[in-house]
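With the hints as constraints, model all of the structure from the sequences given.
Chains as they are written, first to last, in numbering that gives the first Met the number 0: chain C, 0 to 388; chain G, 0 to 388.
The set of hints was computed from the structure by calculation and includes no laboratory data.
Given the structure is predicted, the values throughout are model-derived calculations rather than measurements.
Hints may contain errors.
Put simply, identical chains are the same to the list, so a pair is met inside one copy or across any two.
To be verified - Calculated pairs, DMTMM-like style, for lysine to aspartate or glutamate (alpha carbon to alpha carbon, straight line, at most 25 Å):
no.: 1; residue 1: Lys285; residue 2: Asp56
no.: 2; residue 1: Lys285; residue 2: Glu60
no.: 3; residue 1: Lys245; residue 2: Asp186
no.: 4; residue 1: Lys285; residue 2: Asp299
no.: 5; residue 1: Lys285; residue 2: Glu48
no.: 6; residue 1: Lys245; residue 2: Glu9
There are 2 protein chains.
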Amino acid sequence: MDWTLARRAERLNPSTIREILKLTERPGIVSLAGGLPAAELFPVQAMAEACARVLRDTPREALQYAASEGFGPLRDWVAADLARAGLRVDAQQVLITAGSQQGLDLVGKVLLDPGSAVAVEAPTYLGALQAFAPYEPDFVTLAGDDEGPRPQALQAARGARFAYLLPNFQNPSGRCLSAELRDALVDAAAAAGVPIVEDNNYGERWVDAPPPPPLAARGGDGAIYLGSFSKVLAPGLRLGYLIAPKALYPKLLQAKQAADLHTPGFNQRIVHELIRDGFLDEHLPKLRAHYRERRDAMRDALRAHLPPGCHWRTPAGGMFFWVELPWGLDATALLPAAVDAGVAYVPGATFFAGGERHDTLRLSFVTVAPERIESAVATLGRLLEECLR
Amino acid sequence: MDWTLARRAERLNPSTIREILKLTERPGIVSLAGGLPAAELFPVQAMAEACARVLRDTPREALQYAASEGFGPLRDWVAADLARAGLRVDAQQVLITAGSQQGLDLVGKVLLDPGSAVAVEAPTYLGALQAFAPYEPDFVTLAGDDEGPRPQALQAARGARFAYLLPNFQNPSGRCLSAELRDALVDAAAAAGVPIVEDNNYGERWVDAPPPPPLAARGGDGAIYLGSFSKVLAPGLRLGYLIAPKALYPKLLQAKQAADLHTPGFNQRIVHELIRDGFLDEHLPKLRAHYRERRDAMRDALRAHLPPGCHWRTPAGGMFFWVELPWGLDATALLPAAVDAGVAYVPGATFFAGGERHDTLRLSFVTVAPERIESAVATLGRLLEECLR
Numbered sequence: 000m001d002w003t004l005a006r007r008a009e010r011l012n013p014s015t016i017r018e019i020l021k022l023t024e025r026p027g028i029v030s031l032a033g034g035l036p037a038a039e040l041f042p043v044q045a046m047a048e049a050c051a052r053v054l055r056d057t058p059r060e061a062l063q064y065a066a067s068e069g070f071g072p073l074r075d076w077v078a079a080d081l082a083r084a085g086l087r088v089d090a091q092q093v094l095i096t097a098g099s100q101q102g103l104d105l106v107g108k109v110l111l112d113p114g115s116a117v118a119v120e121a122p123t124y125l126g127a128l129q130a131f132a133p134y135e136p137d138f139v140t141l142a143g144d145d146e147g148p149r150p151q152a153l154q155a156a157r158g159a160r161f162a163y164l165l166p167n168f169q170n171p172s173g174r175c176l177s178a179e180l181r182d183a184l185v186d187a188a189a190a191a192g193v194p195i196v197e198d199n200n201y202g203e204r205w206v207d208a209p210p211p212p213p214l215a216a217r218g219g220d221g222a223i224y225l226g227s228f229s230k231v232l233a234p235g236l237r238l239g240y241l242i243a244p245k246a247l248y249p250k251l252l253q254a255k256q257a258a259d260l261h262t263p264g265f266n267q268r269i270v271h272e273l274i275r276d277g278f279l280d281e282h283l284p285k286l287r288a289h290y291r292e293r294r295d296a297m298r299d300a301l302r303a304h305l306p307p308g309c310h311w312r313t314p315a316g317g318m319f320f321w322v323e324l325p326w327g328l329d330a331t332a333l334l335p336a337a338v339d340a341g342v343a344y345v346p347g348a349t350f351f352a353g354g355e356r357h358d359t360l361r362l363s364f365v366t367v368a369p370e371r372i373e374s375a376v377a378t379l380g381r382l383l384e385e386c387l388r
Numbered sequence: 000m001d002w003t004l005a006r007r008a009e010r011l012n013p014s015t016i017r018e019i020l021k022l023t024e025r026p027g028i029v030s031l032a033g034g035l036p037a038a039e040l041f042p043v044q045a046m047a048e049a050c051a052r053v054l055r056d057t058p059r060e061a062l063q064y065a066a067s068e069g070f071g072p073l074r075d076w077v078a079a080d081l082a083r084a085g086l087r088v089d090a091q092q093v094l095i096t097a098g099s100q101q102g103l104d105l106v107g108k109v110l111l112d113p114g115s116a117v118a119v120e121a122p123t124y125l126g127a128l129q130a131f132a133p134y135e136p137d138f139v140t141l142a143g144d145d146e147g148p149r150p151q152a153l154q155a156a157r158g159a160r161f162a163y164l165l166p167n168f169q170n171p172s173g174r175c176l177s178a179e180l181r182d183a184l185v186d187a188a189a190a191a192g193v194p195i196v197e198d199n200n201y202g203e204r205w206v207d208a209p210p211p212p213p214l215a216a217r218g219g220d221g222a223i224y225l226g227s228f229s230k231v232l233a234p235g236l237r238l239g240y241l242i243a244p245k246a247l248y249p250k251l252l253q254a255k256q257a258a259d260l261h262t263p264g265f266n267q268r269i270v271h272e273l274i275r276d277g278f279l280d281e282h283l284p285k286l287r288a289h290y291r292e293r294r295d296a297m298r299d300a301l302r303a304h305l306p307p308g309c310h311w312r313t314p315a316g317g318m319f320f321w322v323e324l325p326w327g328l329d330a331t332a333l334l335p336a337a338v339d340a341g342v343a344y345v346p347g348a349t350f351f352a353g354g355e356r357h358d359t360l361r362l363s364f365v366t367v368a369p370e371r372i373e374s375a376v377a378t379l380g381r382l383l384e385e386c387l388r
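Here it is in structure tokens:
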């Protein structure tokens, strides 16, 4: 039987990162590639208690079909939580999604036609490129530097359906946009008539100081905002949310209905039960202390072991260091040798929508314990030194 | 700020059924509209124990990012379970989805271009029309009768990307295709080069006798098969699966990755823990007995209270009676009066991709207790009699 594929299926391709993750499951390899949060910090006991309470108090509601918008009290919680971060929204603007990845898919589905321009940072989150790609947009790269995209670049993106921006500890670059740059970017986008899709997976995962308020706080009806519980609780729950301007919300809701009817009420109620009474106020400081130690361990190891000419900045949160190699060294070509030596990373080229920079790589500091970070970075340093010789 | 919508967003529209469900939340209305399974049959205690075991034995694995394909042991279970129903597949062909609704979305995403023909039954599952619609296909209605679509209709659908078929206790018509008709449909589809997308949400929910083997058992590589745990355990878990031919599986998997990375490992492990040792062999007979009683109650009530000229058949499983009204009575126009009288149903017109039949309606027998079914159908019968006078 011959199946005929949709044209958009050509834009679906195996995830490089997932293929690499499989490779690094071999014993003896220290993987700095994956972005797996430290599982030892999952609040297992508290979650077990929340589960038990939900199944004791509201089992039928938790296990029944539910509203596509999401569980009301959880939507209220999200709105209240965002207000604390400087973003005032109505709970009616909150749509609960299957992780923020689904938010990206819904945004692409509702806003992208074949050939639509989408402005993205360079580098940018690979999962967003994968979510948008099947809707066949043309990606336009925003010019920028270590500080972030330039406001002028947004003016040059006039006509784009939206600009996709990750202001907080971006995956992969780790950069956090300054308050001044945020204001300038939002104003430039508004002047150019380019809406913003803001992805904030890592805002609560600062380790030095909280990031400035979200772009959407200034962007108003010109911004969609995506958030997630994956990085503050546990990714295996697949729970995220999007905040949409009221005029846009119904179409995103209908896309959600068509995609999977609703996010599991079971998961939503458990998370709400867990966090309703301020659990995160105690939990997040623990996460921050833990990840600060790992961030510092990687920073120290990079200082000690990477050869001169490598460039990186210490991220103030998130999960990743972004390293630029000297002399045009090709991180993609180098990966097999690194894996043979016992260390894995993600080549940076995969994070570009165009104009790949093969002289970059991403290192995660979250999955591996500090002492193993040290030895893995030392191994990587030796390999790079050999190449430079 | 002006947001420009994708062209496909025009095909996203509010769910009629969900709007009606909201209407029928008013107190005093007996809703025969919704397809909510009887919540008193959710296996709450067993699920609470499974939850506790998963969070005790494999909490980190359950709460961490996981494979897009799904949890290995659950995929194995699905393959083994389908073999019992007559469908032999490799566990590698199983993709775990967020309910079978997501399976429909992925199928549409990978197989439908704007203007692609999709052959559907008349009536057919509304949620499938909603899942496929944003990919802008042209729906082609398969001619048929009370027994199901005619094999010749599949030949006339030559060139369609696929035929979407619900052989078991179809939502909304309740019809179950005979073994002979299944064979004839699969052979006709193969001869016409039309692949089949088979949706089996209700197969395990027979009340008289198990249905014949799935279309996919004969269809082989010419069929995708969709299944769900919603109707055998609980819909609030959002857990389903699709079985794809090996050549097609990678694209569907990549679409799944792009859509939400993976289905919650937490939910998958809980369900596997619950069902691994034969739980369903004890649970399903209880469901069947319970729903048989309600099916019989509605059958008896329809016989007693619907005026002459109404046509329906007693479904041998599933959740719905499908009623055809005499003299061109319009069930859509009649709904407000029915709600005023205290009973709700779903007008049948919503289940047609074209050539709506307004003289039809769908009644659910699963949500409401038998004695209330009786009085609600009596109310409906009085209303219809008044109209016919």
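Each hint tested on the structure:
Proximity of lysine 285 and aspartate 56 under a CA criterion of 25 Å is satisfied inter-copy only: 24 Å between copies versus 30 Å inside one chain copy. When the C-alpha separation of lysine 285 and glutamate 60 is checked against a cutoff of 25 Å, the pair qualifies only between copies, where the shortest distance is 21 Å, while the shortest distance within a copy is 33 Å. Within a single copy, lysine 245 and aspartate 186 get their C-alpha atoms as close as 21 Å, which meets the 25 Å cut-off; across copies the closest is 50 Å, which misses it. Taking the closest pair of Cα atoms, lysine 285 and aspartate 299 come within 25 Å of each other only inside a single copy of the chain (21 Å); across copies the shortest separation is 62 Å, beyond that limit.
Proximity of lysine 285 to glutamate 48 under the C-alpha cut-off of 25 Å is restricted to the intra-copy arrangement: shortest distance 20 Å within a copy versus 30 Å between copies. For the identical chains of this complex, lysine 245 and glutamate 9 are inter-copy neighbours only, at 17 Å across copies versus 34 Å inside a copy, given an alpha-carbon limit of 25 Å.
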